[in-house]
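**Student:** One letter stands for each residue in the lines below.
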Amino acid sequence: MKTAHRNPLVRRYLLGEATDEECEALERDYFENETALGRVESEEEALIEEYLSGRLNAREHDLFERWYLASPAHRQRVETIRRLSASHPAVLPGSRTDGRTWRFQYQWVALAAALMLAVGALWIIPRKPAIPAGQRSSDTRSPDASTPTQTPPGPLPAPPPPPRVFAFSLRPIQTRGADDVPRLVIPNGTDVVTLQLEGTSDRGGLDPMRVEIRTVNGQSVWKGSAAGAVAPRSGILARVDVPAASLPADDYIVVLFEIGSGGSERQRDSYFLRVR
Amino acid sequence: MVAWALMPHRFDDDRTISPAGFERLLFRLDPDVDRAALEYEQLRRTLVKFFDWRGGWPPDECADETLDRLARKLEEVVVDNIRQYARGIARLVLLERRRHHEASLTDTDANLIAARAAAPTDGADDTERLRDCFDRCLDGFPDSSRALVIDYYAGERTSKINNRRRLASTLGLSDNALRSRVQRLRDRLEHCVHECVSRQERLHQ
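Chain order of the listed sequences is A and B. To convert, note that position 7 of the first sequence is 14 in the numbering used here; the numbers rise steadily by one, no gaps. To convert, note that position 202 of the second sequence is 204 in the numbering used here; the numbers rise steadily by one, no gaps.
Everything labelled a hint here was simulated from the structure, so no lab data went into it. Where is the CB? At the ideal position from N, CA and C, for every residue including glycine. Hints are all accurate, no fakes.
Here chain A is said to cover these stretches of chain B; the calculated rule only asks that three of the stretch's residues, wherever they fall, bring their Cβ under 8 Å from a Cβ of chain A:
| no. | segment |
| --- | --- |
| 1 | 57-63 |
| 2 | 131-141 |
| 3 | 153-164 |
| 4 | 182-195 |
Assemble the whole structure, with the sequences as input and the hints as a guide.
**Tutor:** In C-alpha cells form, the structure reads like this:
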C-alpha cells in the first residue's frame with residue numbers, strides 16, 4: 008500500500024489545474040466506474056497527508072492552499088485528517104496524551120497481555136531447583152544452555168518506538184501577508200517538530216546555518232543547528248528538528264542565521280510561528 | 003424496501019420530484035429494488051464528490067438537485083446511460099451555481115486563503131467548537147469503527163504504510179477495500195462535524 012500514489016492527472020484535477028478535456032475524461036471515468044472514483048479519493052488523501060506533513064513541493068503547496076483549501080468542506084476535511092492523525096495514542100516517554108485516547112490503546116494492552124501470558128507460561132513450566140545467586144557455575148548448566156536461564160521464551164521485547172515527528176513548513180515573514188499567520192497545532196504524542204523553513208530567494212543555503220526560536224517578547228526558547236539546502240527546488244532552505252516540549256502554545260519568531268567561514272553570523276530569514 | 007428507508011428525506015421538502023418519478027429513477031438504476039438503492043447511493047456519492055472537487059457548494063445540495071432533475075428528465079426523454087446523463091446534468095448545475103454564487107465560489111485571494119489554510123478556524127471559540135464537535139462525533143462511532151479510523155491514520159511514511167498493511171491483513175481486506183471503508187467512515191465523521199458546528203454556530207448567533 009502506498010501513501011503517495013502520485014497520479015499526476017488526478018493531482019492536477021484536485022489542484023484545479025486540469026484542462027476541461029482532462030476534467031471531462033476523468034469525470035466520465037469515475038461516474039462510470041467506482042474504482043476510478045476510489046483512485047481520485049486515494050490521491051486526495053495522499054495530497055492532504057503530504058500537505059499536513061510538509062512533504063508537498065512548493066508549487067503543489069501553493070496550489071493546495073490557493074485552490075483546494077478555498078472550499079470550506081476541504082478545509083474541514085484537512086482538519087479532520089489532521090485531528091485523526093493526532094488522535095492516535097503514542098505511549099512514549101514525555102508524550103502528550105489527553106484523557107480520551109486511552110480507549111484506543113488496545114495495541115499496548117494486547118502487548119501487555121502477551122507479556123503476561125509469557126511470564127505466566129514461565130511460571131507454570133516445571134523448573135529446575137533455583138540456584139542461589141553467586142553459586143551458578145558452568146557445571147550446573149545443561150550442555151545446551153548457552154543463554155541465560157532468566158531469558159523468557161517467546162517474543163523478544165519490542166524495540167523502543169521511534170520518536171513521533173510532526174513536520175511543518177514556514178514561509179519567511181517578508182513573503183506573508185500581515186494576517187497570514189501559520190497556526191501549528193502539535194498533535195498529541197509528538198516528540199519532535201520538524202520546521203521546514205522556506206527561503207525568500209532561490210539561492211540555497213551553502214554555509215552552515217543555525218536557528219533560534221524566540222517568543223515575541225524576545226526570550227530565547229530554543230537554539231540549534233539546521234540542515235541546510237534540504238530541498239532547494241521545493242523552496243525549502245533549511246530544516247530543523249525541535250523538541251515538541253520546547254514549543255508550548257505561544258507566538259514565536261523563528262530566526263535563521265547563516266554562519267560564514269570566519270564564524271560570523273548573518274540573519275538569513277525570519278518566520279512567525281503560532282503554536283496552539 | 004431498503005430504497006425508501008435510505009431516502010426518507012427526499013420528499014420532506016419542497017422539491018418537485020414525485021414519488022412516481024423517484025421510483026422510475028430507481029427502476030432505471032436497477033430493476034431489483036435493493037440493488038437499485040445501492041446504485042442510487044453510489045450515484046449520489048459520486049455526485050457529491052464531483053461537486054466537492056469542482057467547487058459546487060454545498061455538494062450535498064447540488065447532488066440532490068441533480069438527482070431531482072434527473073428523475074424529472076426520465077419522465078420526458080429516453081436515457082441510454084443514466085450515469086453519464088447524470089454527469090451532464092451535474093455539469094449544468096455546477097455552471098448555474100457558479101454563475102449565481104460567483105463571488106463566494108471564486109474566493110482566490112491568495113493571502114486570505116493561505117491564512118485560512120494555516121488557521122482553518124477563525125478564532126479560539128471556533129477552534130474549541132470544532133474540537134468539541136470532532137470529539138463528540140468520534141465518540142458517537144461504534145468502538146470498532148472509531149479504532150479503525152484512528153488506527154488508519156497512525157504513523158508517518160513507512161510506519162503508516164506498514165500500519166495500513168497490517169490493518170488490511172488483520173481485517174482480511176484488500177488495500178483498496180480498507181481505504182474505501184475508512185473513506186466512508188471519514189465521510190460520516192466530516193458530515194457529523196459539519197452539522198454539529200453549524201448547529202452550534204446557529205445557537206451562538
